Amino acid sequence: MSETPTFDADVAIVGGGPTGCAAGVFTARDEFETVIFDRGPSSLRRCASLENYLGFPCGIDVETFLELAHDHAIQSGCRMRRDLVEAVTVSTDGGFRIEPQTGEAITARFVLAATKHGADYLRGLDSDDPLFVAQEHGGETSQRFDPSCLDDDGRAPIDGLYVAGPLAGRGDQAIVAAGHGATVARTILHDVRRAEGYWSWFATRYDWVRRTTDLREEWASADRWIARFEQDAPDDLEPATVERLAEAYATEHVDAHVEPAVAADRAERGQRRLAQTLDDDILLETVDDDAIHEYATSLESSAEST
93 MSETPTFDAD
103 VAIVGGGPTG
113 CAAGVFTARD
123 EFETVIFDRG
133 PSSLRRCASL
143 ENYLGFPCGI
153 DVETFLELAH
163 DHAIQSGCRM
173 RRDLVEAVTV
183 STDGGFRIEP
193 QTGEAITARF
203 VLAATKHGAD
213 YLRGLDSDDP
223 LFVAQEHGGE
233 TSQRFDPSCL
243 DDDGRAPIDG
253 LYVAGPLAGR
263 GDQAIVAAGH
273 GATVARTILH
283 DVRRAEGYWS
293 WFATRYDWVR
303 RTTDLREEWA
313 SADRWIARFE
323 QDAPDDLEPA
333 TVERLAEAYA
343 TEHVDAHVEP
353 AVAADRAERG
363 QRRLAQTLDD
373 DILLETVDDD
383 AIHEYATSLE
393 SSAEST
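Read left to right, the sequence shown gives residues 93 to 398 (our numbering).
FYI, nobody ran anything at the bench for these hints, they're computed from the structure. Fair warning: this is a prediction, and the values are worked out from it, not measured in the lab. The beta-carbon is built from N, C-alpha and C at its ideal position, and this holds for glycine as well. Among the hints, erroneous ones may be present.
As the list claims (entries may be wrong) - Derived Cβ-Cβ restraints for the label pairs, each shown as a range:
{"hint": "1", "residue 1": "263", "residue 2": "378", "range": "49 to 57 angstroms"}
{"hint": "2", "residue 1": "261", "residue 2": "324", "range": "34 to 42 angstroms"}
{"hint": "3", "residue 1": "156", "residue 2": "268", "range": "17 to 25 angstroms"}
{"hint": "4", "residue 1": "123", "residue 2": "176", "range": "22 to 30 angstroms"}
{"hint": "5", "residue 1": "361", "residue 2": "97", "range": "51 to 59 angstroms"}
{"hint": "6", "residue 1": "308", "residue 2": "378", "range": "38 to 46 angstroms"}
{"hint": "7", "residue 1": "261", "residue 2": "308", "range": "24 to 32 angstroms"}
{"hint": "8", "residue 1": "381", "residue 2": "131", "range": "40 to 48 angstroms"}
{"hint": "9", "residue 1": "350", "residue 2": "228", "range": "53 to 61 angstroms"}
{"hint": "10", "residue 1": "383", "residue 2": "148", "range": "22 to 30 angstroms"}
{"hint": "11", "residue 1": "222", "residue 2": "244", "range": "12 to 20 angstroms"}
{"hint": "12", "residue 1": "396", "residue 2": "131", "range": "47 to 55 angstroms"}
{"hint": "13", "residue 1": "350", "residue 2": "148", "range": "25 to 33 angstroms"}
{"hint": "14", "residue 1": "381", "residue 2": "361", "range": "25 to 33 angstroms"}
Put together the whole structure using the sequences plus the hints.
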C-alpha cells in the first residue's frame with residue numbers, strides 16, 4: 093500500500109488581496125495548513141478610498157483595510173509569504189509544487205488562484221482542457237486565463253486547483269471578490285468532506301460560532317447524531333463509518349458553541365484590535381471627555397499607590 097503523500101501546506105493561496113485573505117480565513121479556521129503568497133501588482137492600492145465595503149460606513153483607507161485583512165488571515169492561522177509566485181506545477185506524488193521568485197518552493201495539496209492581474213504562473217498546468225485561450229488586442233495575439241474552464245464553484249479541470257475572484261470572472265469590487273474567495277474556500281472544504289465520506293448537507297462546513305446557551309441538550313449527544321446519520325446514509329457506507337462520521341460531526345457541533353463569557357471576551361478583543369488602527373487624535377476626539385478624565389484619574393491613582 094502506498095503511503096499518503098505529505099505536503100508543506102494543505103492549501104497554497106496565490107494572491108493576498110480580499111479574495112485570497114477571505115479564502116485563507118475560511119481554510120485556516122477549519123485547521124487546514126494555509127499559506128498565502130502576497131506580492132505583485134495590486135489594483136486595490138490604486139483606490140483612493142474604499143467606500144463600498146460593508147462595515148465601514150464612511151469608508152476606509154486601503155492600507156488600513158489590507159492591514160486588517162492580512163492580520164485577520166494570520167490570526168486565523170494563515171502563514172503570509174511576501175513572495176511572487178512564478179510557477180505552479182503538478183508534484184510527482186500528487187498535489188502541487190509552488191515556485192516563488194525568491195525563497196524556497198513548497199508543496200501543497202490544493203492551490204487556490206486568487207490574483208487579479210495575470211495567471212502566467214498557471215501555464216505549467218495547462219492540460220487537455222485548456223486553462224488559457226488566445227485573445228487579440230491591437231493587432232497582437234496573446235494568451236489569457238479562460239474562466240469558462242471553471243465550474244460554478246471555482247473548480248478548475250485540474251484536480252486540486254481552484255480559482256476565485258476577478259480571475260474567475262466574478263468581478264473585481266473588493267467585497268464581491270472577498271465573498272467569492274470565501275465561497276471557493278468552502279468548496280475546498282466541501283470536497284474534502286465528501287472524500288471523507290460525508291454526504292448531502294453534512295458535507296457542508298458551517299463556520300458559525302454560537303453561545304452555549306443556544307445549544308439544545310438533545311443535539312449535544314453523539315447518539316442523537318448517529319441516529320440522524322443512519323436515517324439517510326448512503327447504502328455503500330459501512331455502519332462503523334457512519335457512526336465515526338456522526339461522532340465527529342457531533343463534536344464539531346458542540347465545539348461551535350462557546351460560553352457567553354468567551355463570546356464577550358472575543359468581542360472586546362475585536363474592538364481593541366480595531367482601535368489599534370485608529371489615529372490617536374481621532375480616537376481621543378470620539379471618546380467622551382468625562383470618560384477620558386476618569387481614565388486619566390484612575391491611572392494617576394494607580395501610579396501613586398505603587
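Results for each hint:
1. 263 with 378: 49 to 57 angstroms: For residue 378 against residue 263, whose Cβ atoms are near 34 angstroms apart, the range 49 to 57 angstroms is violated.
2. 261 with 324: 34 to 42 angstroms: holds, 36 angstroms
3. 156 with 268: 17 to 25 angstroms: Distance hint for residue 156, residue 268 holds at roughly 20 angstroms.
4. 123 with 176: 22 to 30 angstroms: holds, 28 angstroms
5. 361 with 97: 51 to 59 angstroms: 38 angstroms Cβ-Cβ, so the 51 to 59 angstroms window is violated.
6. 308 with 378: 38 to 46 angstroms: Holds - the Cβ-Cβ distance for residue 308 and residue 378, about 41 angstroms, lies within 38 to 46 angstroms.
7. 261 with 308: 24 to 32 angstroms: Violated, at about 42 angstroms.
8. 381 with 131: 40 to 48 angstroms: 45 angstroms Cβ-Cβ, so the 40 to 48 angstroms window holds.
9. 350 with 228: 53 to 61 angstroms: With Cβ atoms ~56 angstroms apart, the hint holds.
10. 383 with 148: 22 to 30 angstroms: holds, 24 angstroms
11. 222 with 244: 12 to 20 angstroms: The hinted range 12 to 20 angstroms holds for residue 222 and residue 244, with Cβ atoms some 19 angstroms apart.
12. 396 with 131: 47 to 55 angstroms: Holds, since residue 396 and residue 131 (Cβ atoms, about 51 angstroms apart) stay within the stated range.
13. 350 with 148: 25 to 33 angstroms: For residue 148 against residue 350, whose Cβ atoms are near 27 angstroms apart, the range 25 to 33 angstroms holds.
14. 381 with 361: 25 to 33 angstroms: At roughly 26 angstroms between Cβ atoms, residue 361 and residue 381 fall inside 25 to 33 angstroms, so the hint holds.
Violated hints, listed in ascending order, are 1, 5 and 7; each of the other numbered hints is respected by the structure.
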